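Protein sequence lines correspond, in order, to chains A and B.
When you line the first sequence up against the working numbering, it's residues 2 to 111, in that order.
When you line the second sequence up against the working numbering, it's residues 54 to 166, in that order.
Hints in this document: simulated from the structure, not taken from any laboratory.
Please note: incorrect hints may appear among the correct ones.
Here are the simulated DSS-like cross-link-like pairs (lysine-lysine), alpha carbons at most 25 Å apart as the crow flies [to be verified]:
#1 97(B) x 103(A)
#2 70(A) x 4(A)
#3 104(B) x 124(B)
#4 4(A) x 80(B)
#5 97(B) x 115(B)
#6 104(B) x 80(B)
Just so you have them, the derived chain A footprint on chain B, three or more residues with Cβ under 8 Å [what the hints assert, rightly or not]:
#7 97-103
#8 153-162
This one's a predicted model, so the numbers in the text were calculated from it and none came from an experiment.
Heads up, the beta-carbon is just placed ideally off N, CA and C, and yes, glycines get one too.
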Amino acid sequence: DAKTTQPNSMESNEEEPVHLPCNHSTISGTDYIHWYRQLPSQGPEYVIHGLTSNVNNRMASLAIAEDRKSSTLILHRATLRDAAVYYCILRDSGNTPLVFGKGTRLSVIA
Amino acid sequence: NAGVMQNPRHLVRRRGQEARLRCSPMKGHSHVYWYRQLPEEGLKFMVYLQKENIIDESGMPKERFSAEFPKEGPSILRIQQVVRGDSAAYFCASSFSGYTEAFFGQGTRLTVV
């Protein structure tokens, strides 16, 4: 299985942008890049996913490197409610489950 | 459209008893996934089911654990003869297909005493 590498933790000030990096140097051509987050005491929550092009939705933006070996999840304006563990996951286009790594624990400071 | 519903939210069992965890997927979703999260640890994949079929059970312990997703009704994760080490949060997720985004329930927190 292709693996991802994320920093263990990051810190951000409230109302500032946050860039969460993810390295996936062994990504294959059929792997989608998924991001999920898990708030304290809750189930994981889908954030965004993409294949090659940058993606935007109401929660975040996903910037994918041209060689697809890395990506960045961008929260445009962090709020206290964005404090969570963020997971970058590669998922094949076939019937495969999401496999979670350790993720990045994001702390947001008021 | 209700989200993924898991029940019970909290379950206490004595050692040796059986635990049955239920998961109702989102309407229209036929793919269900079960995960376990030990305290202060990450999410570990257990099993992936699609209506009446087990697609991937590579993360499921070989003994005492079983899962089903019948044609009608919720998916069930069954743990027989529970031990203290089974105490964890169990999350269920569902998706429309095998590669679309998955939606998670709030989890069942199992405590074995």
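Return the numbers of the hints above that this structure violates; sort them in rising order. Of the numbered hints given earlier, the structure breaks just one, which is hint 4.
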